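K.L.:
Next come the chains, spelled out residue by residue.
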Amino acid sequence: MKNAPGDSGLILKEPLLWEKGKKGRNGMSIPESDVPAASLPEDLLGEGPDFPDLSEIDVVRHYTRLSQWNFGVDTGMYPLGSCTMKYNPKINEKQAAAPGITAAHPLLPEEQCQGMLKLMYELQNHLAAITGMDAVSLQPAAGAHGELAGMLVFAAYHRSRNSTRTKILIPDTAHGTNPASAALCGYRPVKVVSGRRGILEASDIKDLMDEETAGIMITNPNTLGLFEENIREIAALVHEKGGLVYCDGANMNAIMGIVDLKKCGVDVLHLNLHKTFSTPHGGGGPGAGPVCVTAELEKFLPVPRVAYDGDAYVLQYDRPDSIGRVHAFFGNFGVLVRAYSYILAMGAENLKKASQYAVLNACYVKESLKGYLHLPYNRPCMHEVVFTDKLQQDKKVSTLDMAKRLMDCGYHPPTIYFPLVVSGAIMIEPTESECLEDLDVFIEVFKNVVKEADEKPDLLRASPTRFKVRRLDETQAARNPCLRG
Amino acid sequence: MRYLPHTEEDIQTMMARIGVKNFEELFPTVPRDCRHDEAMALPPPHTEWEIDAHMEELRSMMSMGAQGNVLVGAGSYHHNIPSIIPSLTSRSEFLTAYTPYQPEMAQGTLQGVFEYQTLTARLLGVDVANASMYDGASALAEGLLMALRLSRKKKKVAVSRAVHPHYRDVVATYFRPTEFEVVELPFQEDGRTDLSSLSDISDLAAVALQSPNFFGVLEDLQAAATVIHAQEALLVAGFTEPLAFGLFKNPGSQGADIVCGEGQSFGIARSFGGPGLGMFGCKEQFVRNMPGRLVGETVDLEGKRGFVLTLATREQHIRREKATSNICSNQGINTITATMYMAALGGSGIAKLARLNYDKAAYMKERLAEAGATLFAAPGFNEFVVEFSGDFSGAHKALLQENIFAGLELGRYYPELQGRYLFCVTETTPRAVIDRIVEEVKK
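One line per chain: the protein sequences are W and D, in this order.
The first sequence begins at 30 in this note's numbering and counts up one residue at a time.
The second sequence begins at 67 in this note's numbering and counts up one residue at a time.
Hints listed in this document are in silico derivations from the structure and should not be mistaken for laboratory results.
Computed from a prediction, not measured in an experiment: that's the story for all the values here.
If a hint is listed, it holds; no wrong ones were tucked in.
With a cut-off of at most 25 Å between alpha-carbon atoms, the simulated SDA-like pairs for lysine to any residue come out as follows:
no., chain 1, residue 1, chain 2, residue 2
1, W, Lys123, D, Ser129
2, W, Lys123, D, Thr155
3, D, Lys509, D, Ser459
4, W, Lys399, D, Ile77
5, D, Lys388, W, Asn509
6, D, Lys508, D, Asp457
7, D, Lys87, W, Asp467
8, W, Lys399, D, Asp76
9, W, Lys119, W, Arg94
10, W, Lys147, D, Pro111
11, W, Lys52, D, Arg421
12, W, Lys424, W, Asn407
13, W, Lys381, D, Tyr69
14, D, Lys87, W, Ile472
15, D, Lys388, W, Thr195
16, D, Lys370, W, Asp87
17, W, Lys381, D, Thr79
Stretch by stretch, here's where chain D covers chain W in the computed footprint (C-beta under 8 Å, at least three residues):
no., region
18, 36-49
19, 370-380
Cβ coordinates follow ideal geometry from the N, Cα and C atoms, glycine included.
All chains should be modelled from the sequences, with the hints used to inform the complete structure.
P.N.:
See below:
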């Protein structure tokens, strides 16, 4: 494919840190002591960790080379479904790295840190305005942590009503972390099978919802990229039996400025600032998973609450119904700064456009690739579209093979084999960051991969070939774990 | 808007392909009664320069600016951060990548995390360390839940009151909806945990101690491990200041079974308390019960060394509700940051830096003792609790005016320690500032 961005490049070898260096080198300046040496408690002294001694240039080259074996959003298109790999603006990084922010100690007296509290207070309000919910806590440190905080709110709510509930409804199109988050709060997940259209049908909820069930955890839009159209009806059924509705907001990027979650009947929602609000994923974190609730549930949110008393920004601790703390301090504050900077840059109109363009891009990819790839649910999709490898099976080419071939063509592959409700899933989320020309090249490249699957299946099965390593033996890694050097 | 590349012409082309006429038609599945009635109430779009100005205004509302001298640690420490760290961690190949699900194009992250696991395991004296937890507090909660899983039938854990109060709060939050019980252990007059009541507690799965503890005091973990193991319970050892292990025995070498704590000290800025780094490790035999991601070494088709995420069968996306935890994304780039810091310091450097922290804290303790203050008798590292002969609050206020945050008053956390202050001294604390505080105490 002559248009594909993938080409060959120079890859440098780099050993593990402890395979280089020499005793006596150092890579960091340490001040000379300006105080007398004190006596030491001999019985507690240790040998010190066995770290290699490296010079500064050793460390710099090491990490520069490692970084060159990686692929990020800044490198190229990263259509990883349900992960919202949108552009991470540089100005956000600049704000988070400003000395006044990085030097702020979390236990400063309130009057000493008004600026930080104001930022958090305003971000809470902005997230409330975007989602339609009434109150927000910024404390959870990741999406799954937000889910846990949300489930703890469920548990606290039912406890406050002296209601013992043991089960929770979780659709098969929900995010993978949901069952484990609910289980941490003592709830047994009950699977809800989505209907023929790929969405939940109210009648199924009616059959499953009872007074032993704490509520439902819905991902909306769901992991098939479809909007749960019956959400209001479902919410009413859940509320009727005294349950609550949780919405996993990981896919919020499809609906900003469009959907009001409170009007959908949602009681608790978490957001992923590292998805929808452009903070970088960092190869697996840190993220932030604010939890948003209705006014009725505000009293259960984690302490301390950040509030404004008309005169100053304050931290409220005395909240007897609160689920308690979920983080040592205020959550991943540096991530909050980035999301705040993003919301300021965008404003209401551009956030709405971002969602519209994200959906436009996904629908464009869907229309362009259907027929080449099997589309299990040919319905209007939101910000992501799910295909499968069904049409490639007679050539014994799998989703994995196509994903690995896409890598050689210069793309991060889509999310594969998720959601589990379809076999061999290929979940594409282009995000609003991709322009039409780049989408066209991606589509053309993917069509070509499909053609290769038919004509040269061995080429796909041997992919990738242009990286530092070929396909890796994951079975051996799990069978004989080597977890350290 | 510069983040959005779509031109009007592009939009028309794309809509024609899709077969819709406007954005309204692009959302046919969203019912009318689920929609926002009006535009979201948000500030208008800001230019870069307006954001700079706005943020500058917020920063100016911090009376204790970046130049302040904060002699408080309590889980968030001020250490020098070498310039190579912001330079290298801002490389967008690391920063803008996702969790390494496609290992061939994420070997940078994967080797980086494998190195993190290795240096962390060596630092803590454990067999295995995971790819991180959110922070020290949630790591402790997860460590205790792991110990309960390992014990199978037991229902109780004991946590020292000398563990960071916020960490104990988080443990309480995680435990409230469970069937498990948390018992608190008192501390002695010398600042160490009092284990004498331990033998009265039955059904005990684990005991959590922190060393250096919240008072900066080093616990005798070795002696504690003997007592705890005799009761067939596990020792879960926490920490907030890992630099201490550059000088003092690490928890693993003293018999800790599960080690979990906060790694913010290692090249990560305080940033108002986050993001930090939850470090977590354990003995080899417990690894399949450990929460969190793990990176392992393997080979590719051609026998070449490479790294992959592994032992995923413990995790939520495979085991669903039976997973060892719900943790998925963790502190990613901060594991790389901490490893860069450990690598830049090296074995020689960490010993020297830890010693400098110890000596400076010892200097301040000595000067305060000369000025009539009382300290806990047990040895410590770079934090310590001070009981002044008179009321210190006036001096504390006066020093704040000079941009010196002279210790954290403990009454809010420990009513019985009302009027005592927790101090922290690191390599960043000028001797002149220490002398200035002592001078104020002498007044």
